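Trainee: Starting from the given sequences, assemble the full structure and let the hints guide the process.
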Amino acid sequence: MATPSQRATPSALQPRPFSSPIEATEPHRHLNDITVVTAPIGIDLTASNLSVEPEPIVSPCEDSLTPKGYDFNLGSLKEIIINQNLKAKVKPALISFLGIPPDSGQKAAVKHILDRYTDKIKPPFASTPGRVGEDVTTAEGIEYHELVATGFKSVRNLYIGEVTEESSSGFVIHSAFGILSAFRQGLIEEKKLPLFDISVSQSSQVFENKQLNEHLIHTYQYLSDQESIPKKGTESLEDVEKVSEKDQEYAKKLKRHLPEGIALVIMWDVALNKTVLHFLTALRGHLYNCHPWLFLDLQRDLDKLHLPPEIPPTSSTGDGKEIRDGALLMKWRPRLHYLIRSCRLGETKEKKRRRVCTVFAKHDGTFNGEMQEKMDELERKVQATAKHIGVTSLLEERIVPVNLSSAGQVDDDSSLHLNQKLHQVICETSYENIPIAWIFLRSLFYRNKKCVIAKDELEEMAEECCMDKSSFAGFCKFYTSFGSIFDLSLVDENCQTVAVKPMAFLRLLDCLLYPSEELRKKYPMILYGIYPEEVCKKVFNAADWSLFMDALISLSLAIKVSAHLIEAPKGISLDHDARYYFISLSRTGQFSEDPHPHSIHIITSINTSHVFRQVTVTKHLLKMLKAPKLIPSKNFNQTVIKDTSTGTTITIVSHSPATRLDLNVPNSEVCGCIVHAYNTIADMCKTTVKYKFVRLCAAENVSTIESIPSSVYHVLPDDELCGKCKESSSYDSDLVQAWNKALTEYKIKDISKPTGDLKATELADVAERIASILQEHKMGIRMVAETLLGEKYKEVLQIDTRLNGDKLLDKLVNDIILLWYKNQLSIKGSQEPRRDFAKQLSKLGANIAKLSID
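Just so you know, the sequence shown maps onto residues 1 to 854 in the working numbering.
Just so you know, not all the hints are guaranteed correct.
Below 27 Å or equal to it, Euclidean Cα-Cα: the simulated DSSO-like pairs (lysine-lysine) are [stated by the list, open to error]:
| id | residue 1 | residue 2 |
| --- | --- | --- |
| 1 | K753 | K811 |
| 2 | K231 | K255 |
| 3 | K538 | K449 |
| 4 | K455 | K537 |
| 5 | K210 | K68 |
| 6 | K304 | K78 |
| 7 | K304 | K839 |
| 8 | K192 | K111 |
| 9 | K692 | K642 |
| 10 | K477 | K352 |
Just so you know, these hints were derived from the structure itself, not from any lab. In this text, all values refer to a predicted model and were calculated from it rather than measured experimentally.
Mentor: Below, the structure is given as structure tokens:
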């Protein structure tokens, strides 16, 4: 970490939301810098370390009273822990750093914050008996940093440190602070000071649960080992009540200077990895203390925001094959869409959250006076995309510029911006009063070597800590809300998995989603995404493997498949007594991306999450078809299922947002099963899913998958396709009729239909905006009429002779739009007036742009 003398004073920036009226008196100290904590918080109660909140907590009269000592043993510590009325104040926050593409500045920002604004907390705990070892703090696609901060009463007093050894420091921060808070409460309310017994036996039995008991003893011994903690020096009760001058001074410091609360801040540096992306998607709505920080490269990407991101391979497999997760998972939609959509990681239905997502624009300071103009352009594009996706309220209105040199160095102004945003997250997060029992139970797993636990086992431990069902539910939701644990029962109530060490958990999941060359050679079915149960047991701990598989199933990344439902590839035999798992994302074969004009496609709206995953569709089809067989495929995004009772083979090729469905022969019964499967998945989803079955129109040559949503197509059921479709060589009347019949029998609910009618208020709003553009560019009404009505616009001009008269321009535009809408409704086969109107507006925008340039 840079010393104060090494820091250059940052120039003033406006606005400075965290400026202080008090001038800094220390040399070389920045008013807006976050200073550091140099010792485990709340343990070393020396004057230098506990000056963070100098205001007296208690009155001088109360402070002058001498406390009485009392014998504090293991039973006393347990009483503090199980007392649900004893609580500590904690500010929970998760900051998720994400750049699309990944080299957009977020890694440099994370490194700068850790290097400049935090200290490394390394308490003398590593040699303490019972420590298990360091936790994993990275997994493929995500890096994890845990911070702690205190001193929120003024800017100058905010202290922050990074927990560098999760197993040790996490315990200190969690358990010690909570227990010292209880000590302080006892001093203030009862004038009693606990005196520790240094002779506590390791074999003492206070909790029935062995893990709880060991953790209790460990916690007690760790605290009693601290030099400043008062100790019992005699067996006489009368002498115990007498407190030495040293311990009296400790009591005063504890009452006056123990921080009111602490902030626990977890930072994620997220890359593009299929495990992480699917995992975070599943947790959406439960990370309600998440603050997404989104990074883009202003200079490189400003003119490419409408294009898919250019993402290089992230890593390689054991045999040298490149892993192209980002390129495969984020290749269909604009890069700005993928980035802004990430705001939803911080949304929740439980409470309204506003302005919790910040966009950072990386640049190198070489705009030659055009910086403000570029920033304004970027903000317009970001706000328009946010409105389209529906996350405007989550997004900060102003984009934060970050000046990064080619060497990845952050300049002083940008350093101050990052500092202020970090400060804002910490200081504006509200305290939550949580029971000491929560802190004790969570801190246990910093020392425990297990990274997952069954929820019913965790609940038994919680019950022994005197948590009722409501308190236990609150514990799980609270620690999941900022990524400290992952309670997957929040995603799927049937799942028992709770990941208490998230990074270690994700790293182990990667062992299946990125199988080693050794595994693929030994078990060739893995090449097809089909795993024997014995492989799962070997990859994961034999005692915990089922919890990991339950997690994959809950995240829609795996399904169980009986051997009799799998058609064995040539040369490979199956054990019909064994159980298998289908994990489609583990395949590394060819990626199919060519559009098929004769195929049926399922299109989801741009705001719909990717819920139609191949394993989920496969699970339902294997249940619904009369005699299904999963036909193994090595292709990354292709699943093949055969209904042997009808001889119909279904090929599902997944893309986003258009999934291709191929049938070798028309069959309305099989089509019905497919539609029923998709409807069932949509009904089970907690968010609204909008989708439709379409056939591409032969009038348009669709060359790429990503162009399908904006192409001309017919929404099924549609009994009367256009003439060009019927004349096309790819037209199959029986196939279209089979899909029509299926979609008539299994109707998509109205709430799931992506497009609908236009509202009068929407038309009026569009008319007003078009009118303002015309006035700005001093254009007449002719362009609007010609674009929307074609040759009929002349008739309109003749009818309305006041076009250049007194009639309001927006009223005239509105009249033309209404006439277009009326004409559209009269057209036979017109299915989606909203979508058709959007196309016309796009065309109008292009025409106006051409005219204004001329």
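Trainee: Confirm or reject each hint.
Mentor: Results of checking the hints against the structure:
no., hint, result
1, K753 - K811, "31 Å, violated"
2, K231 - K255, "18 Å, holds"
3, K538 - K449, "18 Å, holds"
4, K455 - K537, "20 Å, holds"
5, K210 - K68, "33 Å, violated"
6, K304 - K78, "60 Å, violated"
7, K304 - K839, "21 Å, holds"
8, K192 - K111, "45 Å, violated"
9, K692 - K642, "23 Å, holds"
10, K477 - K352, "16 Å, holds"
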